[in-house]
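**Student:** If you want the building blocks of each chain, they are given just below.
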Amino acid sequence: MNWMAKTRPNSSLPTRAPSKPGPTAASAAPASANARVSNGLKEFLWLITDSGQGKILDLGAVFQSTVMFFIEKGFRLSTEDLLRSWKEFLVAEEENLRNATVGDEGARVSQGMLAGKFLEIALQYPEDNFHGVLAWDLFDYLDAELLPRVMERIFTLMRPGGAVLASFHSRAPERFHRYKIIDSQNIELVPAPTLAVHARVFQNREILDIFGKFRSSKTFVGRDQVREALFLK
Amino acid sequence: MFNGRVTVAANGRVNADIEALEISIDGRVEGNLKATESVRLGATGHVQGSILTRRIAIEDGAGLRGKVEMIRANDSASTSSGAAVAETQATPKAIAAASQGK
Numbered sequence: 000m001n002w003m004a005k006t007r008p009n010s011s012l013p014t015r016a017p018s019k020p021g022p023t024a025a026s027a028a029p030a031s032a033n034a035r036v037s038n039g040l041k042e043f044l045w046l047i048t049d050s051g052q053g054k055i056l057d058l059g060a061v062f063q064s065t066v067m068f069f070i071e072k073g074f075r076l077s078t079e080d081l082l083r084s085w086k087e088f089l090v091a092e093e094e095n096l097r098n099a100t101v102g103d104e105g106a107r108v109s110q111g112m113l114a115g116k117f118l119e120i121a122l123q124y125p126e127d128n129f130h131g132v133l134a135w136d137l138f139d140y141l142d143a144e145l146l147p148r149v150m151e152r153i154f155t156l157m158r159p160g161g162a163v164l165a166s167f168h169s170r171a172p173e174r175f176h177r178y179k180i181i182d183s184q185n186i187e188l189v190p191a192p193t194l195a196v197h198a199r200v201f202q203n204r205e206i207l208d209i210f211g212k213f214r215s216s217k218t219f220v221g222r223d224q225v226r227e228a229l230f231l232k
Numbered sequence: 000m001f002n003g004r005v006t007v008a009a010n011g012r013v014n015a016d017i018e019a020l021e022i023s024i025d026g027r028v029e030g031n032l033k034a035t036e037s038v039r040l041g042a043t044g045h046v047q048g049s050i051l052t053r054r055i056a057i058e059d060g061a062g063l064r065g066k067v068e069m070i071r072a073n074d075s076a077s078t079s080s081g082a083a084v085a086e087t088q089a090t091p092k093a094i095a096a097a098s099q100g101k
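Chains as they are written, first to last, in numbering that gives the first Met the number 0: chain A, 0 to 232; chain B, 0 to 101.
Excised from the complex, chain A in its bound form (with noise of 0.2 angstroms):
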C-alpha cells in the first residue's frame, strides 16, 4: 500500500491527510462529552478499505459499537486486550512466584523472560495475516522489555501493505481509557480501571524507532495533544 499512489474518491490527484484537525478533515461533531475526533481512524479506514473483507485485529477492550462497526463494513474482526491480558498474566507469575519453595531460584524470572513468556501465549496469528491493527493507549504502557517484542510480533502479523494505528500521549494522562469507535472519524474514550501504568511520553523520533521495521508512517495531533500515528509494513 501506498500513500501517494492511492486515490481519494472524489479526486483524480493523491491528496494528502492534514496533519492536524480541520474543516475538511472531520465535520461531524462528537456525540458525547468523552468522544474525540480522530483523523487517523479515518486515515486509517481510507487505507484498509482496498483490502475488501480484510482481517483487522483490535488490541484494546472489546466494545458493542467497535464490534459492528468493522462487520458491517465487511471487515473479519479479532480483538485481543493486549494490556488486560499482560496484566493477568503478571498476576499469574506473582501467583506461582508466591507459592514457590523458598530457594527455588528457577521461580525468578527477569522482565525479559516474562515478556517472553507472554508472549508464548499472547499474540497468536498465523503470520502476514492482518490487514490492519488497532492500538489505542498501547505502546506508551508496555514494559521496556515487552515493547519491541510485541513491536516485532506485531509485525510479522501484518500483512505487507498493512496499517497500524497507534495512539502516544504528549504528557502522562490523568486517568486510563479504552477506546470505542462511534464512526468513521469519532471515537470514545471511556474511563476504565487502570490497567497498567503510563510507561513514558515518547518522543516523535522515539516512536519513529519503535516503528522501525515499517516502512512509511503519518501522524496527526489532536486538541487534546494525544499523537495519532499511522505506519504502514
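Among these hints, one or two may not hold up.
Stated by the list, open to error - One-sided and incomplete, this derived list gives chain A residues near chain B with beta-carbon spacing under 7 angstroms: (1) Q63; (2) V66; (3) I70; (4) E79.
What the hints assert, rightly or not - Just a sample of chain A residues kept apart from chain B, beta carbon distances all over 12 angstroms, derived: (5) D57; (6) F62; (7) T65; (8) G115; (9) D142; (10) E144; (11) R170; (12) E173; (13) R177; (14) D208; (15) D223.
Unchecked claim - Covered by chain B, per the in silico footprint, the following chain A stretches (three or more residues, Cβ under 8 angstroms): (16) 72 to 78; (17) 194 to 206.
For the record, the hints were derived by calculation from the structure and aren't laboratory data. Bear in mind that the values here come from a model prediction, so they are computed numbers and not experimental data. Where a beta carbon is used, it is the ideal one built from N, C-alpha and C, also for glycine.
Could you slot chain B onto chain A? The hints should help.
**Tutor:** Below, chain B alone, put in the same frame as chain A:
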C-alpha cells in the same frame, strides 16, 4: 446443533466449544461459540475463542480474545456461509451445555 439456550453464569468456567440457539456468557469460556440466533457477552464475561452468530450483544467490560463473525441473514440457521465456516479455528469438538454456573 443444540437448539437450546446456554448460559454461563458469572462464576462459571467452561473449557469447550459451545453450540446453541442462544448463548449468554457472564463467566469465562475457553472455546469457540456458535449460536444460530444470538450471543450475549456480559460485563463480567470473558471468552477466549471465536464467535460465530447471527446477532451479538457485548456489554462494556466484557473480554474477548478471538474472532467475531456474523452469520448472514440469508444463510440457513443450520449452515453458515462457507467462508465463515472456513474461518473458524477448529471443528467444534463438543456441543457443550455444561457449565459450573449454569
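**Student:** If you test the structure against every hint from before, which numbers come out violated?
**Tutor:** Violated hints: 5, 6, 7, 13 and 17; rest satisfied.
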